[in-house]
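**Q** Sequence:
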Amino acid sequence: MTLTIGIIVVLVVIFSAFLKGWSGFGTNLISIPILVLLNYEFKEAVIIVITLNLFLNTAILIENKKFNLRSLEHIKVLVIFGVIFNFVGIYFLKNFDPNILKIITGSLILLTAINKAISLKFKVVNKEKYYIPVGILSGIFNGIAGLGGLPVLLLLSNSDMKKDEFRTTLVSYFLVMNVMAIIGYVTHNLYTEVILINIGVILLFGLGAAMYGVYMSRRVSDSVFQRWFVFVMMFMGAGLTFNGLYEKTGTYIDMVLYIVVSLSVTLVIEGTLLLRTKLIKSSI
Numbered sequence: 001m002t003l004t005i006g007i008i009v010v011l012v013v014i015f016s017a018f019l020k021g022w023s024g025f026g027t028n029l030i031s032i033p034i035l036v037l038l039n040y041e042f043k044e045a046v047i048i049v050i051t052l053n054l055f056l057n058t059a060i061l062i063e064n065k066k067f068n069l070r071s072l073e074h075i076k077v078l079v080i081f082g083v084i085f086n087f088v089g090i091y092f093l094k095n096f097d098p099n100i101l102k103i104i105t106g107s108l109i110l111l112t113a114i115n116k117a118i119s120l121k122f123k124v125v126n127k128e129k130y131y132i133p134v135g136i137l138s139g140i141f142n143g144i145a146g147l148g149g150l151p152v153l154l155l156l157s158n159s160d161m162k163k164d165e166f167r168t169t170l171v172s173y174f175l176v177m178n179v180m181a182i183i184g185y186v187t188h189n190l191y192t193e194v195i196l197i198n199i200g201v202i203l204l205f206g207l208g209a210a211m212y213g214v215y216m217s218r219r220v221s222d223s224v225f226q227r228w229f230v231f232v233m234m235f236m237g238a239g240l241t242f243n244g245l246y247e248k249t250g251t252y253i254d255m256v257l258y259i260v261v262s263l264s265v266t267l268v269i270e271g272t273l274l275l276r277t278k279l280i281k282s283s284i
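Read in order, the letters of the sequence shown are residues 1 to 284 in the numbering used here.
DEER-style ranges, computed between Cβ atoms:
hint	residue 1	residue 2	range
1	VAL10	THR58	18 to 26 Å
2	MET216	GLY271	28 to 36 Å
3	ASN189	MET216	36 to 44 Å
4	LYS278	LYS123	24 to 32 Å
Hints are computed from structural coordinates only; laboratory data are not their basis. Glycine is no exception: its CB is placed at the ideal position from the N, C-alpha and C atoms.
Hey, can you work out the whole structure from these sequences and the hints?
**A** This is the structure in structure tokens:
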């Protein structure tokens, strides 16, 4: 790692960890695409960021006093299948074509951003019957890139679960899956000297930024912030998908093309969502 790359990585971690402290998520949505753009291997980027997330999640949960394993009792079937298929996802991370994994991860980031932008709502009746398929998807996505939250978020947020119970359940589930991912990386011997050095360099910066994000989230309105956050997520998701589709060689032309394509996709999605909102309002 050169000094310039090291400084960029630290700045990226500070930014993404601040977002996580503010909103509860964001580290892997932002950091993984940028690390890949900086020519980190996809596998390296995922392991670095997910390991950092374990420390950030633990610190935030201690500060918020939200962690409660008992809250997982009523979704234990989902947790069991999530844990089992987390190791399937790690197998994919270790053995599959990284470009395919980039496309999958980028698409998931885009879906997360779109879901956040439109606040997708639907009524889930008898949520228990969905625990097995949601647990399977969550586990695989978690093992591949730490993105196992989207299926669980969609299910529980549209069920009859109370708000406080929902938050406690979600953060507890995330920490358990985080720990399982780390165990999987260790058992598959995926930690290298380069990965450990990177984690050592960024850890304190990430923790400090996350705690500051928590502090600011209680003092500043986040309506404008959330809009920009969604825009950034769309850009990162589009960029990582493009990175998987296009074998970049690292030239300035490739970088310009990456930015142009990512920005174009983001603007098209934003424009479509804005048009959808106007059509809905005009029909009321």
